[in-house]
Amino acid sequence: EAAVTQSPRNKVTVTGGNVTLSCRQTNSHNYMYWYRQDTGHGLRLIHYSYGAGNLQIGDVPDGYKATRTTQEDFFLLLELASPSQTSLYFCASSSAETLYFGSGTRLTVL
Amino acid sequence: AQSVTQPDARVTVSEGASLQLRCKYSYFGTPYLFWYVQYPRQGLQLLLKYYPGDPVVQGVNGFEAEFSKSNSSFHLRKASVHWSDWAVYFCAVNTGGLSGKLTFGEGTQVTVIS
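Sequence order for the protein chains is R and Y.
Using the numbering used here, the first residue of the first sequence is number 1, and each one after it goes up by one.
Using the numbering used here, the first residue of the second sequence is number 1001, and each one after it goes up by one.
Keep in mind that the hints are not guaranteed to be accurate.
[Claimed, not checked] Covered stretches of chain R, going by a simulated chain Y footprint (3 or more residues, C-beta under 8 angstroms):
id, region
1, 10-24
2, 45-56
3, 97-109
For the record, the hints were derived by calculation from the structure and aren't laboratory data.
Think of the CB as a built atom: it goes at the ideal place given N, C-alpha and C, for glycine as much as any other residue.
All chains should be built: construct the whole structure from the sequences, respecting the hints.
Here it is, written out as structure tokens:
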């Protein structure tokens, strides 16, 4: 069973704050993804990566950076958080076009 | 643009009744389509996936979906709903080829009543 672990589960920050969301997968999948989930929009892709050091831009990248430090670890960075980034964030990895999701990080920007 | 639309934001169904969730896609070429389910306070899990071939695809927990190229649809069905099917269901299309990048629909919240 694919395992994708996200931390923290919940995060509250203030406008202008600096936030890092972490994701680790233990199945040596090449691809990893960051999505945000908002009511009425479903899941929207922020960034993705096909290996350490690689980064691909997704559909809603503005205000986000990401870094893939190893095959296992993928980080999402919000350097100047804004209230519009309040959302539920999911990390996923993929094998044979099937995505395996973490349990999500709920971020609130006050 | 390549996209997925789920026209029903919420569906309420009685336990034991049948369920159909609608999904319409827009895609140039042959689509690879997916249904994922999100149980309360969890991440998404794969229900089933369609690769070109038999238009009816079987999934887990008694779910199946039917692909229609003429209608640009990929509707999900279940013959008899159980209370444990209370969840949000997402339809998605692969828009990134081998990257596995998915474009999701808005999701349909299914509420099961007794």
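We went through each hint and held it up to the structure:
Using a Cβ-Cβ cut-off of 8 angstroms, 0 residues of the region 10-24 of chain R lie near chain Y, which falls short of the minimum of three, so the contact claim is violated. Check on the region 45-56 of chain R: 4 of its residues sit with their Cβ under 8 angstroms from a Cβ of chain Y, so the three-residue criterion for coverage holds. A count of 7 residues in the region 97-109 of chain R with a Cβ less than 8 angstroms from any Cβ of chain Y is obtained; the coverage claim is therefore met, three being the minimum.
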